[in-house]
Each structure stands twice: as structure tokens, then as C-alpha cells.
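Protein chains in written order, with the numbering used here: chain A, 1 to 118; chain B, 1 to 110.
The set of hints was computed from the structure by calculation and includes no laboratory data. Possibly wrong hints are sitting among the right ones.
What the hints assert, rightly or not - Not everything, but these chain B residues come out facing chain A in the computed CB check (under 10 Å):
id	residue
1	4
2	8
3	19
4	35
5	41
6	45
7	48
8	92
9	99
As the list claims (entries may be wrong) - Label pairs and their in silico Cβ distance ranges:
id	chain 1	residue 1	chain 2	residue 2	range
10	A	39	B	96	22 to 32 Å
11	A	65	B	94	24 to 34 Å
12	B	94	A	13	36 to 46 Å
13	B	78	A	85	45 to 55 Å
14	B	64	A	41	19 to 29 Å
15	A	20	B	95	22 to 32 Å
16	B	68	A	116	27 to 37 Å
Stated by the list, open to error - With a straight-line Cα cutoff of 20 Å, these simulated PhoX-like cross-link-like pairs (lysine-lysine) come out:
id	chain 1	residue 1	chain 2	residue 2
17	A	55	B	97
18	A	55	A	41
19	B	69	B	26
20	A	64	B	97
21	B	26	B	70
22	B	56	B	70
Every residue, glycine too, gets a C-beta built ideally from N, C-alpha and C.
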Amino acid sequence: GAVVSQHPSWVICKSGTSVKIECRSLDFQATTMFWYRQFPKQSLMLMATSNEGSKATYEQGVEKDKFLINHASLTLSTLTVTSAHPEDSSFYICSAREGPKLARETQYFGPGTRLLVL
Amino acid sequence: SQQGEEDPQALSIQEGENATMNCSYKTSINNLQWYRQNSGRGLVHLILIRSNEREKHSGRLRVTLDTSKKSSSLLITASRAADTASYFCAIRSNDYKLSFGAGTTVTVRA
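Work out the full structure, taking the sequences as your base and the hints as a guide.
Listed below in C-alpha cells is the structure:
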């Protein structure tokens, strides 16, 4: 099946710094990528949807200036957590859907990136 | 927003037993999907059932969907220790977004 990778798998940073997380579709072109956040023992919450070459659409309550998303190519999307604070510590998971048909049903998930902000 | 609600929150069974978990939702759906997540790992897609389907099988997995009750169930038969994980239902609504339930944590005792 299709593979989605994320890098790094975990990161520890100091409060106030910015952290970039990469999400790559390895063997397919992903016109749409999704970013989720998961707190311990909780469900995945959709943060934003990004389409290649256009601005990301953020879910209600997610600060777009805080979580910068760039989907510059059909195989790469990045999430940058700017001026990270301890409350941003979480498990960030990306997902990709093979394009271009909007109705494609299966999303492929990356292995996740664990962020710890000290 | 979180669409699905899962029941039970946690389940502990003996190896060889069956495990059943339920998912209820509130809106109309395009399809419903079940995923597995091992501790601290990403999600693995298990099975997808469309809104016009009532039952689907995949190996030891059986999924049912009752759109009149807005509910789905996932049955794992003859469970194994390797089935220990969290299981999430995800609702694919007509805007093509996936919304996840809170998950059921399944522990299979050897």
C-alpha cells in the first residue's frame, strides 16, 4: 500500500523556538494532505487541510499563524510550529490522500511526530 | 470536530476471545472507517464500509453499519496478543473530511 513518512519522529525543543515537521508521500502523489494533533489517550483532531499549491484550510480554533503549513509539492507538506510553548507538546500526525479525484476514499497516515516543548 | 463516539472506552479480553466495539455518530456519512493505533505509533487503516453497505469482512474483522441508528460495530474474532491497540472509528462526511471517535483501548491477555 501507499506509504507516508514523517520526519522527525520525535523532537524536543525549548519554549519559544520553532519546529518544522515534514510529511512525505513516498510512492504516490498527494494533492491533499491533512494534519492532525493527538493528545495522550485522546482522539485525533484535524488541524488543517492542505492542497498542493494553495493555502491551507484551518479548522476552527487552530491558529494559522501558529501552525504554518506549506504544501509545496505533490509529495511534501510541512507543518511549522512557531514559537512553541509547552502546551503545544503533542503527537502530530499527517495524512495524505491520493489525488486528483476528491472522492478518493482512503487516507494514508504517517507514523507521527512526537513534540515535547520544554 | 469529533464526530464519532466509541463504546466501550476500554476492553480487556483473553486471547482467543472475540472483541466488539461500537461507534455512534450524529451526521450523515459518505463512509465509515476503522483504524488501529499501537501505542505511540501512527494509524493503520483496517476497513472501510460505505453508507450503502451493511456488513463487511476482512480476515478476522467484521464491521457492521446501521445508518438508521447511526452506528457501527467492529468485531475482532479469535483475538491475539498482537491485537492489543487502540481502535478508532472515523466518519467520512460529505465534505470529505475524516473525523475520529475517541477510541477503544483493547488489551488482549495471553
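Hints and how they fare:
no. : hint                     : result
1   : 4                        : 8 Å, holds
2   : 8                        : 14 Å, violated
3   : 19                       : 19 Å, violated
4   : 35                       : 8 Å, holds
5   : 41                       : 6 Å, holds
6   : 45                       : 6 Å, holds
7   : 48                       : 6 Å, holds
8   : 92                       : 7 Å, holds
9   : 99                       : 7 Å, holds
10  : A:39 - B:96: 22 to 32 Å  : 25 Å, holds
11  : A:65 - B:94: 24 to 34 Å  : 30 Å, holds
12  : B:94 - A:13: 36 to 46 Å  : 39 Å, holds
13  : B:78 - A:85: 45 to 55 Å  : 46 Å, holds
14  : B:64 - A:41: 19 to 29 Å  : 27 Å, holds
15  : A:20 - B:95: 22 to 32 Å  : 28 Å, holds
16  : B:68 - A:116: 27 to 37 Å : 45 Å, violated
17  : A:55 - B:97              : 17 Å, holds
18  : A:55 - A:41              : 31 Å, violated
19  : B:69 - B:26              : 9 Å, holds
20  : A:64 - B:97              : 19 Å, holds
21  : B:26 - B:70              : 7 Å, holds
22  : B:56 - B:70              : 16 Å, holds
Checked against the numbered hints above, the structure breaks hints 2, 3, 16, 18 and satisfies the rest.
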